[in-house]
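There are 2 protein chains.
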Amino acid sequence: MARFQLKCTECHQNFPENPDLLLCPGCSRESGHPSLYGVLEIEILDPPSRLPAAPPADSGSLMAFLPISDPSSLAPLAVGGTPLLPVPRLREKMQMSRIWLKDDTRNPSASTKDRASLLVAAKALEYGKKIIATASTGNAATALSAICAASGQQAVVFVPAAAPPAKLIQMQSYGARIIAVDGSYDEAFELCNAACREFGWYNRNTAMNPFTTEGKKTAALEIAAQLSGEMPDFVVVPAGDGVITSGIAKGFAELESWGLISKNPRILIVQPEGSSALIRALEDENEDIRPQPGATSVADSLVVEAPRNSRWALKLIRGSRGIGLSVSEEEILHSIPKLASLTGVFAEPAAATALAGLEKAIRLGILSRENSVVLMVTGSGLKDVAAAGKTLPEIEKIAPGQEGLDRLVRDSIRILG
Amino acid sequence: MARFQLKCTECHQNFPENPDLLLCPGCSRESGHPSLYGVLEIEILDPPSRLPAAPPADSGSLMAFLPISDPSSLAPLAVGGTPLLPVPRLREKMQMSRIWLKDDTRNPSASTKDRASLLVAAKALEYGKKIIATASTGNAATALSAICAASGQQAVVFVPAAAPPAKLIQMQSYGARIIAVDGSYDEAFELCNAACREFGWYNRNTAMNPFTTEGKKTAALEIAAQLSGEMPDFVVVPAGDGVITSGIAKGFAELESWGLISKNPRILIVQPEGSSALIRALEDENEDIRPQPGATSVADSLVVEAPRNSRWALKLIRGSRGIGLSVSEEEILHSIPKLASLTGVFAEPAAATALAGLEKAIRLGILSRENSVVLMVTGSGLKDVAAAGKTLPEIEKIAPGQEGLDRLVRDSIRILG
Numbered sequence: 017m018a019r020f021q022l023k024c025t026e027c028h029q030n031f032p033e034n035p036d037l038l039l040c041p042g043c044s045r046e047s048g049h050p051s052l053y054g055v056l057e058i059e060i061l062d063p064p065s066r067l068p069a070a071p072p073a074d075s076g077s078l079m080a081f082l083p084i085s086d087p088s089s090l091a092p093l094a095v096g097g098t099p100l101l102p103v104p105r106l107r108e109k110m111q112m113s114r115i116w117l118k119d120d121t122r123n124p125s126a127s128t129k130d131r132a133s134l135l136v137a138a139k140a141l142e143y144g145k146k147i148i149a150t151a152s153t154g155n156a157a158t159a160l161s162a163i164c165a166a167s168g169q170q171a172v173v174f175v176p177a178a179a180p181p182a183k184l185i186q187m188q189s190y191g192a193r194i195i196a197v198d199g200s201y202d203e204a205f206e207l208c209n210a211a212c213r214e215f216g217w218y219n220r221n222t223a224m225n226p227f228t229t230e231g232k233k234t235a236a237l238e239i240a241a242q243l244s245g246e247m248p249d250f251v252v253v254p255a256g257d258g259v260i261t262s263g264i265a266k267g268f269a270e271l272e273s274w275g276l277i278s279k280n281p282r283i284l285i286v287q288p289e290g291s292s293a294l295i296r297a298l299e300d301e302n303e304d305i306r307p308q309p310g311a312t313s314v315a316d317s318l319v320v321e322a323p324r325n326s327r328w329a330l331k332l333i334r335g336s337r338g339i340g341l342s343v344s345e346e347e348i349l350h351s352i353p354k355l356a357s358l359t360g361v362f363a364e365p366a367a368a369t370a371l372a373g374l375e376k377a378i379r380l381g382i383l384s385r386e387n388s389v390v391l392m393v394t395g396s397g398l399k400d401v402a403a404a405g406k407t408l409p410e411i412e413k414i415a416p417g418q419e420g421l422d423r424l425v426r427d428s429i430r431i432l433g
Numbered sequence: 017m018a019r020f021q022l023k024c025t026e027c028h029q030n031f032p033e034n035p036d037l038l039l040c041p042g043c044s045r046e047s048g049h050p051s052l053y054g055v056l057e058i059e060i061l062d063p064p065s066r067l068p069a070a071p072p073a074d075s076g077s078l079m080a081f082l083p084i085s086d087p088s089s090l091a092p093l094a095v096g097g098t099p100l101l102p103v104p105r106l107r108e109k110m111q112m113s114r115i116w117l118k119d120d121t122r123n124p125s126a127s128t129k130d131r132a133s134l135l136v137a138a139k140a141l142e143y144g145k146k147i148i149a150t151a152s153t154g155n156a157a158t159a160l161s162a163i164c165a166a167s168g169q170q171a172v173v174f175v176p177a178a179a180p181p182a183k184l185i186q187m188q189s190y191g192a193r194i195i196a197v198d199g200s201y202d203e204a205f206e207l208c209n210a211a212c213r214e215f216g217w218y219n220r221n222t223a224m225n226p227f228t229t230e231g232k233k234t235a236a237l238e239i240a241a242q243l244s245g246e247m248p249d250f251v252v253v254p255a256g257d258g259v260i261t262s263g264i265a266k267g268f269a270e271l272e273s274w275g276l277i278s279k280n281p282r283i284l285i286v287q288p289e290g291s292s293a294l295i296r297a298l299e300d301e302n303e304d305i306r307p308q309p310g311a312t313s314v315a316d317s318l319v320v321e322a323p324r325n326s327r328w329a330l331k332l333i334r335g336s337r338g339i340g341l342s343v344s345e346e347e348i349l350h351s352i353p354k355l356a357s358l359t360g361v362f363a364e365p366a367a368a369t370a371l372a373g374l375e376k377a378i379r380l381g382i383l384s385r386e387n388s389v390v391l392m393v394t395g396s397g398l399k400d401v402a403a404a405g406k407t408l409p410e411i412e413k414i415a416p417g418q419e420g421l422d423r424l425v426r427d428s429i430r431i432l433g
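Chains as they are written, first to last, in my numbering: chain A, 17 to 433; chain B, 17 to 433.
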């Protein structure tokens, strides 16, 4: 196990491990700005001296980098260890010889969020907390539900009632108690916090719980291992609250500070235009975001009025000499079949946003075709097939038998045209 | 690479590798019984002397066991290498100390079919065949589409127009040409064969193409490696055409004949009552199935009137001292949330059928609780969430804010009851 302490990302005060500590008591604010102040960072006190082996096994193989006392705390579900794909056809299409996809659709519940939930559930077990609650646009709740099903813990999940049906049915099948909030993700987030205070539940809310960022860090560790420490110029990350962003940026910054990788990749975050508070803060060079009331996008996983982890995420992005770009709904939707048909990786809208962002960055000259790039593919297209279907033509039916074959012969040029 | 020849599963005649050879010319029949006669088996001529290493990487790590000339023929998509999960909570519930899930939902397109499509596409590349066609209830077509997207080959897929929407949208996103046949899977199968003859396409139809069985064999190789050759008493396999069954049974039989595993596990196949031609042939001790016109089930992946690979599958099941069981629609549907909530693995109806079969086998005394068992989980629940939702209660909405919290406090016992 790695020894660790908690460090405030605002005032840098240190705290020893404490099951009831979420935000820095001095810096956090109960009211006022909707972003979280005093998010706590896990500081590893005995850094490992080498990268994990590649290809990576699941998160259990990363114990030296994680704040866990005992590997048996981890739910038996093989989280992480996802492929880093070289995608030759996308490279050819983009005329870029060094693109990789980090295919996190291949986690147990089919999204990156499993990484965070695995670690939070392990800490809940170590702390003797029986019930774990989270608010979520859908994937984090599903991830927590899956982990708790495997480990025998109880998940209570707060989701916008309008979340895609596949996500709701998936988390319900895992046996979670679902609180479908007739409102936004931001409202579900606040209700979850209130319920955790009221009932003493362990709060997995993203960024509120310091182990969420730490769990997502494992994606960066794996990328570094898979590239043998020879890091890409850019890593493209779809952003909502900014916690996947922070986890990945923190992971790389840590590895660089320990001398285990060649350089700290620049983080390119991508948000939908309709939910782009982080992008605007980057453009305006602000430390705080301005909330975006009524934020909306087909990329439901990224829809948040006030990104909760904005302050730390913005610091880490800037620390990596990173940048942000927003993309249109149309760009997102067209990226789904483009990514799938050029790589074999079927992404949900939020995840396809990474490709839309890369293309826009190339168009704007922010990235050159000589740059090396890893795209984070954060969730499976099976999570929201209605969105994937929006740009696809209707499928025509044909008759079976000779009639069908005759028609195929007639149409053969069109079929393969 | 493994050297190999083709061997007829009926007359045992051998044939050298031949790109245009599908079934044994002597034994296959153009008409008559709808099951395939003369399915060809791949016979490896230079057996490896040890099991692959565990945990297994993707199929690329199994080259010594596979009839491929060059690992670079395999599409860059990291097929296979899926976890074998120990599932402590399911073990407790079943009062069986040795159950594992082979979680093949974690393949690139989220089903076991990726294993077959990977190998067929690699052979098509080696043979210079530009277009690959398959008929499918959905998953095989999706798998071929994903593999071809990654490799740059062209997939033409024949599916029943009534396939679940998620599967259709997924394969369409991958860029396949879709022939939606207004009829049954069996009719799609015949139309695909006719089109392949007409246009010279490489025919990936299950069992017709000998590499489909061989690709599915990789699941058995991985299970053997993951258990260090200490094999379970039973492996439970959901069955449609009987090709996953044959692949897995063949893999174990091969490993046993080469002295690499402790014993050949008994195969327990499971079919839905509404599509159970193989089960009835086993019960009646017949070598041929009787077709089941109008076969139907919520487990769409298993719906076939005349299992094409019935003759070889029945031989292999019997050779393993195996058995077959059919399960009801209700048993299948209830197995989905049961499996998900006890293991964190969300299965499509066809895959959940394995758990329904295990439970029935225990009830009937066919298996004892002392037996060790691996369940093949062949496809993700995200492929058909409508089916998964059928047994779940409606989710109630609650208001955000203080009103919602008050309601939670009032309902707290019910919420966690």
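Because the hints were derived from the structure by calculation, they are not lab data.
The reader is advised that the hints may include incorrect statements.
Any copy will do: because identical chains look the same in the list, a pair fits if it lies in one copy or spans two.
To be verified - Pairs of lysine to aspartate or glutamate, DMTMM-like flavour, derived with a Cα cap of 20 Å: (1) 279 x 36; (2) 279 x 203; (3) 146 x 108; (4) 331 x 249; (5) 413 x 26; (6) 23 x 62; (7) 279 x 86; (8) 146 x 427; (9) 413 x 206; (10) 145 x 422; (11) 413 x 198; (12) 413 x 203; (13) 145 x 214; (14) 376 x 108; (15) 413 x 59; (16) 145 x 36; (17) 109 x 86; (18) 145 x 346; (19) 109 x 206; (20) 279 x 299; (21) 376 x 346; (22) 376 x 289; (23) 145 x 62; (24) 146 x 36.
Hints and how they fare:
Within a single copy, residue 279 and residue 36 get their C-alpha atoms no closer than 36 Å, and across copies no closer than 51 Å, so neither meets the 20 Å cut-off. Taking the shortest Cα distances, residue 279 and residue 203 never come within 20 Å of each other, neither inside one copy (39 Å) nor across copies (57 Å). When the C-alpha separation of residue 146 and residue 108 is checked against a cutoff of 20 Å, the pair qualifies only between copies, where the shortest distance is 19 Å, while the shortest distance within a copy is 50 Å. For a Cα distance limit of 20 Å, the shortest separation of residue 331 from residue 249 inside one copy, 19 Å, qualifies, whereas the shortest one across copies, 56 Å, does not.
In this assembly of identical chains, residue 413 and residue 26 lie within 20 Å of each other by CA distance neither inside one copy nor across copies; the values are 60 Å within and 37 Å between. In this assembly of identical chains, the alpha carbons of residue 23 and residue 62 lie at most 20 Å apart only when taken from the same copy (15 Å versus 59 Å across copies). For the homomeric pair residue 279 and residue 86, neither the shortest alpha-carbon distance inside one copy (31 Å) nor that between copies (35 Å) is at most 20 Å. Proximity of residue 146 and residue 427 under a CA criterion of 20 Å is satisfied inter-copy only: 18 Å between copies versus 61 Å inside one chain copy.
In this assembly of identical chains, the alpha carbons of residue 413 and residue 206 lie at most 20 Å apart only when taken from different copies (16 Å versus 48 Å within one copy). In this homomeric assembly, residue 145 and residue 422 never come within 20 Å of each other (Cα to Cα): the closest approach is 66 Å inside a single copy and 23 Å across copies. Taking the closest pair of Cα atoms, residue 413 and residue 198 come within 20 Å of each other only across two copies (6 Å); inside a single copy the shortest separation is 39 Å, beyond that limit. Taking identical chains as interchangeable, the C-alpha atoms of residue 413 and residue 203 lie at most 20 Å apart only when they sit on different chains, with a minimum of 13 Å there against 44 Å within one chain.
Taking CA atoms no more than 20 Å apart as the test, residue 145 paired with residue 214 passes inside one copy only; the shortest distance there is 14 Å, against 65 Å between copies. Only within a single protomer do residue 376 and residue 108 lie at most 20 Å apart by alpha-carbon distance; the minimum there is 17 Å, versus 52 Å between protomers. When the C-alpha separation of residue 413 and residue 59 is checked against a cutoff of 20 Å, the pair qualifies neither within a copy, at 59 Å, nor between copies, at 40 Å. When the C-alpha separation of residue 145 and residue 36 is checked against a cutoff of 20 Å, the pair qualifies only within one copy, where the shortest distance is 10 Å, while the shortest distance between copies is 62 Å.
In this assembly of identical chains, the alpha carbons of residue 109 and residue 86 never lie at most 20 Å apart, being 46 Å within a copy and 25 Å across copies at closest. For the identical chains of this complex, residue 145 and residue 346 are neighbours neither inside a copy (44 Å) nor across copies (36 Å), given an alpha-carbon limit of 20 Å. In this assembly of identical chains, the alpha carbons of residue 109 and residue 206 never lie at most 20 Å apart, being 44 Å within a copy and 36 Å across copies at closest. Within a single copy, residue 279 and residue 299 get their C-alpha atoms no closer than 25 Å, and across copies no closer than 65 Å, so neither meets the 20 Å cut-off.
In this homomeric assembly, residue 376 and residue 346 come within 20 Å of each other (Cα to Cα) only inside a single copy, at 13 Å, whereas the closest approach across copies is 50 Å. Taking the shortest alpha-carbon separations for residue 376 and residue 289, only the intra-copy value of 13 Å comes in at or below 20 Å, while the best inter-copy value is 53 Å. Taking the shortest Cα distances, residue 145 and residue 62 never come within 20 Å of each other, neither inside one copy (27 Å) nor across copies (55 Å). In this assembly of identical chains, the alpha carbons of residue 146 and residue 36 lie at most 20 Å apart only when taken from the same copy (14 Å versus 61 Å across copies).
Checked against the numbered hints listed earlier, the structure breaks hints 1, 2, 5, 7, 10, 15, 17, 18, 19, 20 and 23; every other hint is satisfied.
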